[in-house]
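Chemist: Construct the complete structure from the given sequences, taking the supplied hints into account.
Protein chains in written order, with this note's numbering: chain A, 1 to 378; chain B, 1 to 209.
Per label pair, the in silico range of CB-to-CB distance:
1. A:R361 to B:S190: 54 to 62 Å
2. B:R51 to A:G338: 50 to 58 Å
3. B:I99 to A:E301: 30 to 38 Å
Computed far set for chain A versus chain B, every beta-carbon distance over 10 Å:
4. E116
5. A124
6. R362
Incomplete in silico selection of chain B near chain A, CB under 10 Å:
7. E34
8. D41
9. Y70
10. E75
11. I77
12. V107
13. R111
14. L135
Hints are computed from structural coordinates only; laboratory data are not their basis. Only a predicted model underlies this, so the values are computations on that prediction, with no experimental measurement involved. Every residue, glycine too, gets a C-beta built ideally from N, C-alpha and C.
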Amino acid sequence: MHDSQVAVRDPPLDQEKREPSYGQELLDRLELGDDPMHIERAHAFKVPPQKGSKTVVEPPGGTIDIDRARDTLVRGVVDNADSDKEIPVTFRFEEEDPDRENDTRDLMMEYAFGDEDDASQSAATLALKLSRSMDERTDECLFVVTAISDPERPGYREVSSWTFPNEEAFTFEVHEGQAKIDTDSDVFSRDSDFRKAATFGGRDTHTGFLQGYVLDLQANRASRDVANYWLNLFLDSMLAISDPQGTKKLIQTVRETFDKTHRDQTREQLMSGLTNLRTQENATTSFVQFAEGYLDLEAKEEFLSNAPDNIPLNSPFTVDTDQLEKRVQYRVYTLDSGIQVTTSMSEENGAVQVIEQNGQRRLRLEDVIKNERIKSRR
Amino acid sequence: MSASSPDVSRDKVLEKYCSIEPKLVELKQNIQEEFSDLLSDLDNIDYVSFRVKRPESFIEKAFDRAGPDYEFPLEQIEDQVAGRIITYFRDDLEAVKKILQENFRFVESTRRGPDDVQQFGYEGHHLNFNIPPHLEPHSWGDIEEKPQTFEIQIRTLMMHAWIEPQHQYHYKGGAELDEDGKRKLFWIASQNWGADQIYNELWRNYFKR
Numbered sequence: 001m002h003d004s005q006v007a008v009r010d011p012p013l014d015q016e017k018r019e020p021s022y023g024q025e026l027l028d029r030l031e032l033g034d035d036p037m038h039i040e041r042a043h044a045f046k047v048p049p050q051k052g053s054k055t056v057v058e059p060p061g062g063t064i065d066i067d068r069a070r071d072t073l074v075r076g077v078v079d080n081a082d083s084d085k086e087i088p089v090t091f092r093f094e095e096e097d098p099d100r101e102n103d104t105r106d107l108m109m110e111y112a113f114g115d116e117d118d119a120s121q122s123a124a125t126l127a128l129k130l131s132r133s134m135d136e137r138t139d140e141c142l143f144v145v146t147a148i149s150d151p152e153r154p155g156y157r158e159v160s161s162w163t164f165p166n167e168e169a170f171t172f173e174v175h176e177g178q179a180k181i182d183t184d185s186d187v188f189s190r191d192s193d194f195r196k197a198a199t200f201g202g203r204d205t206h207t208g209f210l211q212g213y214v215l216d217l218q219a220n221r222a223s224r225d226v227a228n229y230w231l232n233l234f235l236d237s238m239l240a241i242s243d244p245q246g247t248k249k250l251i252q253t254v255r256e257t258f259d260k261t262h263r264d265q266t267r268e269q270l271m272s273g274l275t276n277l278r279t280q281e282n283a284t285t286s287f288v289q290f291a292e293g294y295l296d297l298e299a300k301e302e303f304l305s306n307a308p309d310n311i312p313l314n315s316p317f318t319v320d321t322d323q324l325e326k327r328v329q330y331r332v333y334t335l336d337s338g339i340q341v342t343t344s345m346s347e348e349n350g351a352v353q354v355i356e357q358n359g360q361r362r363l364r365l366e367d368v369i370k371n372e373r374i375k376s377r378r
Numbered sequence: 001m002s003a004s005s006p007d008v009s010r011d012k013v014l015e016k017y018c019s020i021e022p023k024l025v026e027l028k029q030n031i032q033e034e035f036s037d038l039l040s041d042l043d044n045i046d047y048v049s050f051r052v053k054r055p056e057s058f059i060e061k062a063f064d065r066a067g068p069d070y071e072f073p074l075e076q077i078e079d080q081v082a083g084r085i086i087t088y089f090r091d092d093l094e095a096v097k098k099i100l101q102e103n104f105r106f107v108e109s110t111r112r113g114p115d116d117v118q119q120f121g122y123e124g125h126h127l128n129f130n131i132p133p134h135l136e137p138h139s140w141g142d143i144e145e146k147p148q149t150f151e152i153q154i155r156t157l158m159m160h161a162w163i164e165p166q167h168q169y170h171y172k173g174g175a176e177l178d179e180d181g182k183r184k185l186f187w188i189a190s191q192n193w194g195a196d197q198i199y200n201e202l203w204r205n206y207f208k209r
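Modeler: This is how it looks when you write it as C-alpha cells:
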C-alpha cells in the first residue's frame, strides 16, 4: 500500500455518465416544487422480534391519518432516498412457477392495489412477517408502510416500507419550578444507521413489482449478517447484481484502470487489492468498498470513473473466486526461499522468465530497480 | 382498459415502441455480449442469438393475436428483447440454465413440454430474467413504459429443428392442418425426441472426453 496517508473522500460522480437513482429523482422533483407522489395510504406498527417464538403476537398498529402525518411521511421518503446507499434488489421466485408467487410481493401488490380492507390486512400481515423474521439480536422497531401513486403514470404505484429502531429517550417537564424526567420507550430513531428501507413499484400486472431498492446503511460484514433478515427473510429478495457479475465487473474495472493509469502507485494498489480479495475466504465487497479499502484518493477517482455505467457502486457481492482465477491474469510465484514474486498484468514481461533446469522450474528475474523502500511491521 | 380497447390506440403504442426501439437494440447488444462471454467456455453450444422484436410483430402480439389482453403492452410483453441458445445435447440444457441462473435473476423459469407422456410436441426451457442495472442502456431510466425483463429460450438442435418451421407456417403463418397433417407433424416431434435421446447417449458414452 502507498506509504503516505491520504484522506479518503467520496469521489465526484460523473453526473452525465451516471443516471440518477429513484431516490435522487424524488429529491430533484421535490426541489422543483413538484408533487411527485400522492400518498394513497399509510400504516404503522410496533414490531417486536419474534423469530422462532412459540407464541406469536400480532404487532399492534394500523392506519395512519395521512393528512395529519403527511409532512412526516414525505420527509421519511426523502430522508431515505439516499442515492448513494440505495441497492437494487429483485424478488425471489421459484422455478416452474408461472404465477410468479412471492409472499412479500403479493402482499405489497395487495397493499398497493387492493381496497382499504385488503390493504389493511396486507399491512398487518407484512408487519407480522417482519416480526417473525427478526430474532433477539434486532431491537423492536417501528414499521411504516406507504403506497404512493404518481399522477403522471396511470396505474403505477410504489410501496415503500421502513423500519426505525426503538430508542429509549427521556421526557422532560417543568411544573411550578419542579423538573421531572421520565423515560419513554415508545420512541424510534429516524436517523439511526440501523434503520431499513425498501421500495418496490409497478403496475398491477404480471410484470409489476419485480424489482426495487433497499437502503442499507450497515456496511460491515458482521452487521450485514444481522441485516440479512430484512433482505432475505422479510423481503424474500436478492441483490440485483449477482456475485459472479459483480466480481466480473470489478475485475474488468481494475484491468481498465490498470491499463489506462500513468501512476505506478495506482497499479500497485489495484494489484494489492485483488490479491487481498483472492486470499480472503468469502470476501464481500462493493465497488466503493474496494476503492475505499485499497486505493488512495487519486486511484479511487480513476477506478470509480472507469466503473460501468449504471453499476450500483454500493451494491455488495461476495467475491466469486472462480471468476477471479479466470479473469485475473497475473501470477504469484512463491520461491523456495520464501520470497514471493508477483508479475504484472501485462501479457508479455521479458523481465520475468520461468526456466526448466535439472527437472526444476526456476524463476529468473532481472530488471532495473525503479523504487526501493523499507517496510516494517508494527 | 386493454390494448384492444379504443382508448389504448394502436398507433400510439406503435409510435412509442418505435421510439424506444433504439434503446432495445442497445439493450440487446449489452445482453448478447454478456451471454456470449458467459457461455464461451462451454462446449456443445451451437449458437447464441438475440433479437429485438420487430414493430409489426410487437403490434400484432399486443393487439391482433389471440392471447392475453395487454393494458400496458410496452411493459407486459416480455420478449421485446429475446435470446435463444441452441445446444447439441439434452445434457447441456441444464448446464446452460445453471450458468445463466447463477449470473442473472430470473422471474420465471419453466421447462416447456407435453403434459402427457403419450404426447410429443414442443420442448424447451423458457426463462425471463430481470434486466440487471449494469446492462441497461443509456438513459433507460428516462423511459416511462418499458420492459422489465428479457426472455431466453434454451433448446437442443433437435428441439429447434422441429419447432421452427411449424412455428413459422402453422402457428404464426396460420397454415391449417388436417388430422393427417397434425399426425405427421407430431410424428416428427417424436422422431426428434428419439434422436435427441440417442445423441445424448452418444455424447455420454463416446464423445465426452
